[in-house]
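Participant: The numbering of the sequence shown is this note's numbering, which starts it at 336 and goes up by one.
Worth double-checking, as some hints may not be accurate.
As the list claims (entries may be wrong) - Only pairs whose alpha carbons sit at most 30 angstroms apart, straight line, appear in this in silico DSSO-like list of lysine-lysine:
1. K488 <-> K339
2. K453 <-> K655
3. K539 <-> K566
4. K488 <-> K637
5. K476 <-> K637
6. K423 <-> K388
Just so you know, these hints were derived from the structure itself, not from any lab. Bear in mind that the values here come from a model prediction, so they are computed numbers and not experimental data.
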Amino acid sequence: MSKKVKIGIIGAGTIGSVHADAYAKVADAEVVALCDILPDRLKEKAARHQIAKTYATHQLLLADPSIDAVSVCVPNCAHAPIAIDAFKAGKHVLLEKPMTMNAKLGRDICKARDAAGKLLQMGMVRRQSPEAEVIQQAIAKGRLGGIYQINIKQIRRRGIPGLGGWFTTKSQSGGGALIDIAVHSIDLAMWVTGLWNPTRVSAKTYSKFGSPMRDYRYVSMWAGPPNYKGKFDVDDYVAGIVRFGKQATMSLEVAWACNSEPVNYIEFLGDKGGIRLGAGDPILMTEMDGYQADVKLIYDNKRDAFAAEMAKFVAAIQGKGEVPATGEEGVIVMSLLDAIYKSSEKDQEVAVEIP
């Protein structure tokens, strides 16, 4: 396929706009349709992004024969049904993170993909950052040696999104800080290291700041303002340890809100070197010629990660490459999230069960 790929975006919220802006930077992509269940938002976003066709339901958009592929940018509870409908309609799918509400639904999405013979790309945009890419390359070349420990620390002091909306309503989101932001770091850690074999988890989730909602003090709010008539029945903090068989372990501390300094990094420890992703310019801490040495990795840091993500999706549709984040990887990530929630509920270590 060499013609422009015609894209439909399902969901005109903030992330839908991010996708529209990113596709506009991809020469072989053209966003031709937009869908949202809120008429005013649909009209405003279509005008903002100069999208000619608008649809009130995803079924109507998927019935449009001119559309080759869709970006699914809706609440988590709608990911699986809309992605499956898209495959049944013969569309390729870019599915925003997290994949869905649980691993079983993720496997159902992959089955629908296979039956349709279409492409599924997971929206794990942090893989497209040049910093992540250069660290992944360093690990692949053996610069760190054998990776035995990964440390994820992703702390917001006050960063609960859309308080009282779908983000904080478990029936619509599937969970809180873990499924919303930790999913990025967990996916990134496994992709950078190639450790796609999580085996056991011991973890605990907490809900300390979002309820009662009117007591939550914040400076700004993603997807706000608060809806005090809504719910907060999800986690705002999680800590735990993941085993990758006998090969490696991963510690995890992630918070939407807690009384600590904001920080966001992933640390990789190997027997030849260590490095942090997300803590400024990556510095490889290693040894050279019998001396301890810090090696600064130089890379082009001007890449637009979302535009790079969309460009790879479009190229894969045209037969010019592979999707950079697969559905199978999405199922593994969801299986690990399922196990973390199960471990917390049971107060014990549990096995990671991949369907």
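Participant: With reference to the structure, classify each hint as holding or not holding.
Facilitator: Verification of the hints:
no.	hint	in the structure
1	K488 <-> K339	violated (41 angstroms)
2	K453 <-> K655	holds (15 angstroms)
3	K539 <-> K566	holds (21 angstroms)
4	K488 <-> K637	holds (25 angstroms)
5	K476 <-> K637	holds (24 angstroms)
6	K423 <-> K388	holds (21 angstroms)
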